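Heads up: the protein sequence lines correspond to chains H and G, in order.
All letters in the first sequence, in the order written, are residues 1 to 440 by full-length UniProt numbering.
All letters in the second sequence, in the order written, are residues 1 to 440 by full-length UniProt numbering.
Just so you know, these hints were derived from the structure itself, not from any lab.
Wrong hints could be hidden among the right ones.
Any copy will do: because identical chains look the same in the list, a pair fits if it lies in one copy or spans two.
Said to hold, decoys possible - In silico lysine-lysine, DSS-like type, Cα no more than 27 Å apart, as pairs:
hint, residue 1, residue 2
1, K172, K237
2, K66, K257
3, K271, K237
4, K2, K122
5, K413, K230
6, K2, K181
7, K230, K181
8, K23, K257
9, K172, K271
10, K87, K230
11, K222, K369
12, K413, K271
13, K23, K413
14, K222, K181
15, K257, K413
16, K5, K172
17, K5, K122
18, K87, K172
19, K2, K230
20, K5, K222
None of the values given here were measured: they were computed from a predicted structure.
Number of protein chains: 2
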Amino acid sequence: MKPIKVGLLGMGTVGSGVFTVLKRNQEEIFRRAGRRIEIAMVADLDTTRAQAAAGSGVEVVADARKIIANPEIDIVIELIGGYGIAKALVLEAIEAGKHVVTANKALLAVHGTEIFAAAHRKGVMVAFEAAVAGGIPIIKALREGLTANRIQWIAGIINGTTNFILSEMRDKGLDFDVVLKEAQRLGYAEADPTFDIEGVDAAHKATLMSAIAFGIPVQFDKAYVEGITKLGAQDIKYAEQLGYRIKLLGITKQTAKGIELRVHPALVPAKRLIANVEGAMNAVVVQGDAVGTTLYYGKGAGSEPTASAVIADLVDIARLHGADAAQRVPHLAFQPQSMSDMPILAMSEVVTSYYLRLNVADEAGVLAKVTGILAEAGISIDAMLQREADEVGGEGATQTDLIILTHDCMEAKMNGALAQMQALPTVLSPITRIRKEELA
Amino acid sequence: MKPIKVGLLGMGTVGSGVFTVLKRNQEEIFRRAGRRIEIAMVADLDTTRAQAAAGSGVEVVADARKIIANPEIDIVIELIGGYGIAKALVLEAIEAGKHVVTANKALLAVHGTEIFAAAHRKGVMVAFEAAVAGGIPIIKALREGLTANRIQWIAGIINGTTNFILSEMRDKGLDFDVVLKEAQRLGYAEADPTFDIEGVDAAHKATLMSAIAFGIPVQFDKAYVEGITKLGAQDIKYAEQLGYRIKLLGITKQTAKGIELRVHPALVPAKRLIANVEGAMNAVVVQGDAVGTTLYYGKGAGSEPTASAVIADLVDIARLHGADAAQRVPHLAFQPQSMSDMPILAMSEVVTSYYLRLNVADEAGVLAKVTGILAEAGISIDAMLQREADEVGGEGATQTDLIILTHDCMEAKMNGALAQMQALPTVLSPITRIRKEELA
Numbered sequence: 001m002k003p004i005k006v007g008l009l010g011m012g013t014v015g016s017g018v019f020t021v022l023k024r025n026q027e028e029i030f031r032r033a034g035r036r037i038e039i040a041m042v043a044d045l046d047t048t049r050a051q052a053a054a055g056s057g058v059e060v061v062a063d064a065r066k067i068i069a070n071p072e073i074d075i076v077i078e079l080i081g082g083y084g085i086a087k088a089l090v091l092e093a094i095e096a097g098k099h100v101v102t103a104n105k106a107l108l109a110v111h112g113t114e115i116f117a118a119a120h121r122k123g124v125m126v127a128f129e130a131a132v133a134g135g136i137p138i139i140k141a142l143r144e145g146l147t148a149n150r151i152q153w154i155a156g157i158i159n160g161t162t163n164f165i166l167s168e169m170r171d172k173g174l175d176f177d178v179v180l181k182e183a184q185r186l187g188y189a190e191a192d193p194t195f196d197i198e199g200v201d202a203a204h205k206a207t208l209m210s211a212i213a214f215g216i217p218v219q220f221d222k223a224y225v226e227g228i229t230k231l232g233a234q235d236i237k238y239a240e241q242l243g244y245r246i247k248l249l250g251i252t253k254q255t256a257k258g259i260e261l262r263v264h265p266a267l268v269p270a271k272r273l274i275a276n277v278e279g280a281m282n283a284v285v286v287q288g289d290a291v292g293t294t295l296y297y298g299k300g301a302g303s304e305p306t307a308s309a310v311i312a313d314l315v316d317i318a319r320l321h322g323a324d325a326a327q328r329v330p331h332l333a334f335q336p337q338s339m340s341d342m343p344i345l346a347m348s349e350v351v352t353s354y355y356l357r358l359n360v361a362d363e364a365g366v367l368a369k370v371t372g373i374l375a376e377a378g379i380s381i382d383a384m385l386q387r388e389a390d391e392v393g394g395e396g397a398t399q400t401d402l403i404i405l406t407h408d409c410m411e412a413k414m415n416g417a418l419a420q421m422q423a424l425p426t427v428l429s430p431i432t433r434i435r436k437e438e439l440a
Numbered sequence: 001m002k003p004i005k006v007g008l009l010g011m012g013t014v015g016s017g018v019f020t021v022l023k024r025n026q027e028e029i030f031r032r033a034g035r036r037i038e039i040a041m042v043a044d045l046d047t048t049r050a051q052a053a054a055g056s057g058v059e060v061v062a063d064a065r066k067i068i069a070n071p072e073i074d075i076v077i078e079l080i081g082g083y084g085i086a087k088a089l090v091l092e093a094i095e096a097g098k099h100v101v102t103a104n105k106a107l108l109a110v111h112g113t114e115i116f117a118a119a120h121r122k123g124v125m126v127a128f129e130a131a132v133a134g135g136i137p138i139i140k141a142l143r144e145g146l147t148a149n150r151i152q153w154i155a156g157i158i159n160g161t162t163n164f165i166l167s168e169m170r171d172k173g174l175d176f177d178v179v180l181k182e183a184q185r186l187g188y189a190e191a192d193p194t195f196d197i198e199g200v201d202a203a204h205k206a207t208l209m210s211a212i213a214f215g216i217p218v219q220f221d222k223a224y225v226e227g228i229t230k231l232g233a234q235d236i237k238y239a240e241q242l243g244y245r246i247k248l249l250g251i252t253k254q255t256a257k258g259i260e261l262r263v264h265p266a267l268v269p270a271k272r273l274i275a276n277v278e279g280a281m282n283a284v285v286v287q288g289d290a291v292g293t294t295l296y297y298g299k300g301a302g303s304e305p306t307a308s309a310v311i312a313d314l315v316d317i318a319r320l321h322g323a324d325a326a327q328r329v330p331h332l333a334f335q336p337q338s339m340s341d342m343p344i345l346a347m348s349e350v351v352t353s354y355y356l357r358l359n360v361a362d363e364a365g366v367l368a369k370v371t372g373i374l375a376e377a378g379i380s381i382d383a384m385l386q387r388e389a390d391e392v393g394g395e396g397a398t399q400t401d402l403i404i405l406t407h408d409c410m411e412a413k414m415n416g417a418l419a420q421m422q423a424l425p426t427v428l429s430p431i432t433r434i435r436k437e438e439l440a
């Protein structure tokens, strides 16, 4: 069988990883795939560096369109990133009848509907295992491994930067800003870390998992996105005392009223496996009605872990290159004509439980007022922790922390109760509200 | 597209699960697969019970060969178990040109070479996701998700019964025999638990993973198999004090000299995720050269989790029913003409580290003699724990426990040193030796 020919757009960290791994493991991969996978062309603006990385046997060009125009190329790997030129090139490659492999979660989460429709029309595959959780084969697990199941919910640690920061904050008792600087120094966070720390990257990935799990179109614009920038060391400590860890979770869940799609910090019981995922590692919990709870863990980023996912997609495509649509796994797991129009719920309609920290005046009647407001709103309390004033503020302190864990209630109700509590004269600072997920 | 027709052999726990899940989630599965999957016939000796479970629309027969002889049937699901009639029926189904889905790890680990060769000849698929780790899509992860990797090692908790027993022994400080009885009472262990507690079931699964990971034939007869029946509560306690948990692991590893394939209890650092897998749950750690460490966790047994895996295989086959061999994933992950003849190493050639517990006379010079023997054999000590005699045996006791953790050495060397230590007059009871796996 003749080799399948690949053109690689973008010879950065992941591109070099794809090159390195394909070369190092070429025999192993050939023994599995039954045919050679050959990177015949590379496009990168820095042709000198790219040529040095690719070696002399590979044609390196500055203009990606030369790859797309080459009729010998079967598959285009897009590793440029972003929504701009990457989008244009992916669509052009599809129009030219190439299969596409991409790690570009932002592009697919925002423009996936357009891209998958174009691919469907042209009868080509767009594969994106590398777009979610790096080397963990979670897209394959969801699209193929769990096809028997009605997926109930997914909750994942799908951003390594923020998990590294949260792990360090807990380990060292430090505040967010301090740890972020350290993470940047160590290369775990980028110079502009906004997409990571504000939860946007995790939301891109959660959006893709949501589509695949429930057969809905990608709808990044409907995702609720909250990052970790406001988390304080004291909340991590209080959570610990109550038996919880705080993780940035990407969550998507099917309910009778619609689909939840949200990224935010959450308290998770410390005894859950996912609560023990530390550092830059990723993990995704998938709850299916037949299989029960499953978890997938590994490196969510990095050159070779991401390359591992890109190459797995290449092998899949090498096998199914000439197959007809019915023989291929649909892009979003469900057949295009069988997509669901279940709406994505507004955050105010989400039902979850909460951790609240109120900085209150240390005087009689405060607790009664706070619990009165919650009772009035129909929100029941699961646990409470009141610190002695002098433990929190030192001797003679006149304010203290009141920590409340609630049972499930609708976010809209909680918003109302929070506004009322915040208006109490004895509540001295903005209330901290962190959602709590039992993942049971 | 017309429905794909399935015949089910064996309407027991898993068979009923397949039936229930296929029915409950038929719309969801159809939306994914793009065609209906219909169980058209069921074979079970107890036709009355099977008919009641299957409903009136399904033909129930006592003679499985009626299913195999039916030209309308595309796929045969074998859920009978064992090596006898199950083997004959699987081979007959293959000869009749049917695809086969089976959860029968014992059959495939022992007779896989014959079965896969027959399937290859006839151009049919034999799918067995359900044979390893129940609902966890680990076969798919290994065969397809990690194709880019040279797999370095796999270590798994792949027997729920023994993990339940070990979890209970640790939680409650009880000895093996007591917990086994409890496990039998609760239905976590069978009336004859031999296959589970002696490690045979885990070895069947490890054998299958070994073949898929390294492209070698299934070779159950070469596996080293040691169960948990000799583990005492005190070893679990000592391990805990040293920062370890004891788990029954199925391990397979590629080394320069050959493949390791072994099942035995092992100390695992308590901080590893897999050390925290409790109760009847399963988890498999896979180390690949590109992806690094990945872990897959879920229910390893039970009606619906196993059915989840069986149905995922049905959907895969429904898609690739008419495809040619090059479009399908090879049975053992590697193309049949590209299998490796790497030998499986004898246990004496395995390199690992050890936990040793010596019950010794509480007198001067014992430690010097023991450490002298280890030094002579070139085995270096990683950590040591000597209990005060009265802590172990009460006041006035004249014997004590000496716990030694070693660094890596070859098993043959350890066997020699153990024999010498055992011969010391001051070593009062049989030495306990448990292997230790850092899984780093």
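Here is what the structure says about each hint:
Taking CA atoms no more than 27 Å apart as the test, K172 paired with K237 passes inside one copy only; the shortest distance there is 11 Å, against 29 Å between copies. Proximity of K66 and K257 under a CA criterion of 27 Å is satisfied in neither setting, with 49 Å inside one chain copy and 47 Å between copies. In this homomeric assembly, K271 and K237 come within 27 Å of each other (Cα to Cα) both inside a single copy, at 16 Å, and across copies, at 20 Å. Taking the shortest alpha-carbon separations for K2 and K122, both the intra-copy value of 23 Å and the inter-copy value of 25 Å come in at or below 27 Å.
In the homo-oligomer, the alpha carbons of K413 and K230 lie at most 27 Å apart inside one protomer (22 Å), although the nearest pairing across protomers, at 57 Å, exceeds that limit. In the homo-oligomer, the alpha carbons of K2 and K181 never lie at most 27 Å apart, since the shortest distance is 50 Å inside one protomer and 60 Å across protomers. Proximity of K230 to K181 under the C-alpha cut-off of 27 Å is restricted to the intra-copy arrangement: shortest distance 15 Å within a copy versus 52 Å between copies. Taking the closest pair of Cα atoms, K23 and K257 come within 27 Å of each other only across two copies (23 Å); inside a single copy the shortest separation is 50 Å, beyond that limit.
For the identical chains of this complex, K172 and K271 are neighbours both inside a copy (20 Å) and across copies (17 Å), given an alpha-carbon limit of 27 Å. For a Cα distance limit of 27 Å, the shortest separation of K87 from K230 qualifies neither inside one copy, at 33 Å, nor across copies, at 61 Å. Proximity of K222 to K369 under the C-alpha cut-off of 27 Å is found in neither arrangement, the shortest distances being 36 Å within a copy and 71 Å between copies. In the homo-oligomer, the alpha carbons of K413 and K271 never lie at most 27 Å apart, since the shortest distance is 29 Å inside one protomer and 40 Å across protomers.
Proximity of K23 to K413 under the C-alpha cut-off of 27 Å is found in neither arrangement, the shortest distances being 57 Å within a copy and 38 Å between copies. Taking the closest pair of Cα atoms, K222 and K181 never come within 27 Å of each other, the shortest separation being 31 Å inside a single copy and 53 Å across copies. Only within a single protomer do K257 and K413 lie at most 27 Å apart by alpha-carbon distance; the minimum there is 17 Å, versus 65 Å between protomers. For the identical chains of this complex, K5 and K172 are neighbours neither inside a copy (49 Å) nor across copies (59 Å), given an alpha-carbon limit of 27 Å.
In this assembly of identical chains, the alpha carbons of K5 and K122 lie at most 27 Å apart only when taken from the same copy (19 Å versus 31 Å across copies). For a Cα distance limit of 27 Å, the shortest separation of K87 from K172 qualifies neither inside one copy, at 42 Å, nor across copies, at 58 Å. In the homo-oligomer, the alpha carbons of K2 and K230 never lie at most 27 Å apart, since the shortest distance is 55 Å inside one protomer and 55 Å across protomers. In the homo-oligomer, the alpha carbons of K5 and K222 never lie at most 27 Å apart, since the shortest distance is 38 Å inside one protomer and 41 Å across protomers.
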